[in-house]
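Generate coordinates for the entire structure from the input sequences, incorporating the hints supplied.
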Amino acid sequence: MLRFLFDRVNELDASELEFLSQSNELAGHMAMNLASVVSGIGSLVAWDDQAGNFRDDGDSVSDLLFTIANQIEVIGELSNIGFEASTLLRMKGGADVTECDTPVGGCHNG
Numbered sequence: 001m002l003r004f005l006f007d008r009v010n011e012l013d014a015s016e017l018e019f020l021s022q023s024n025e026l027a028g029h030m031a032m033n034l035a036s037v038v039s040g041i042g043s044l045v046a047w048d049d050q051a052g053n054f055r056d057d058g059d060s061v062s063d064l065l066f067t068i069a070n071q072i073e074v075i076g077e078l079s080n081i082g083f084e085a086s087t088l089l090r091m092k093g094g095a096d097v098t099e100c101d102t103p104v105g106g107c108h109n110g
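Okay, so the sequence shown: first residue is 1 according to the numbering used here, each after it adds one.
Since the hints were derived computationally from the structure, they do not count as laboratory data. Just so we're clear, the structure is a prediction, and the values are computed from it rather than from any experiment. Just to be clear, a hint being listed does not mean it is correct.
Pairwise CB distance ranges, derived in the manner of DEER restraints [unchecked claim]:
#1 Asn10 with Ala35: 26 to 34 Å
#2 Phe66 with Glu16: 27 to 35 Å
#3 Ala46 with Asn10: 40 to 48 Å
#4 Lys92 with Val37: 36 to 44 Å
#5 Met91 with Ser39: 36 to 44 Å
#6 Gly42 with Asn70: 14 to 22 Å
#7 Glu11 with Ile41: 38 to 46 Å
#8 Ala14 with Val37: 43 to 51 Å
#9 Gly76 with Phe19: 16 to 24 Å
#10 Met1 with Ala46: 34 to 42 Å
#11 Gly40 with Glu16: 35 to 43 Å
#12 Leu2 with Val45: 43 to 51 Å
In the SDA-like style, the derived pairs of lysine to any residue whose C-alpha atoms are separated by at most 25 Å in a straight line are [stated by the list, open to error]:
#13 Lys92 with Phe4
#14 Lys92 with Glu73
#15 Lys92 with Gly42
#16 Lys92 with Glu16
#17 Lys92 with Arg3
#18 Lys92 with Phe6
#19 Lys92 with Asn80
#20 Lys92 with Glu18
#21 Lys92 with Glu25
#22 Lys92 with Asp7
#23 Lys92 with Leu2
#24 Lys92 with Val9
#25 Lys92 with Leu5
#26 Lys92 with Leu26
#27 Lys92 with Ser39
#28 Lys92 with Glu11
#29 Lys92 with Leu12
#30 Lys92 with Leu34
#31 Lys92 with Arg8
#32 Lys92 with Asp13
#33 Lys92 with Gln22
#34 Lys92 with Ala14
Here a beta-carbon is modelled for each residue, glycine too, at the ideal position from N, C-alpha and C.
Set out below in structure tokens:
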């Protein structure tokens, strides 16, 4: 769905571009939340000798890692969409947009 939006961003009007340009901020928040989750997983792995959290022979660990990889992909796509929308708004002389120098990491309004 995000790729669909990204591929059609050139066809959007200024108000739609302004709305999508906010996805940089959403991507930043998602990245911070994901960092917290991954840090927690790191703690579980670090203590695994004592607790046995990752001794399960099932697919739970691989499923978790695939979910994290998917979240990272979504964050990247949101950031790219927001960056592209912001760039197009500036090129079209559109509304006031938060400046971003890079599509990675998101923009934050202090």
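Check: Failing hints, ascending?
Finding: Per hint list: 8, 12, 14, 15, 27 and 30 violated.
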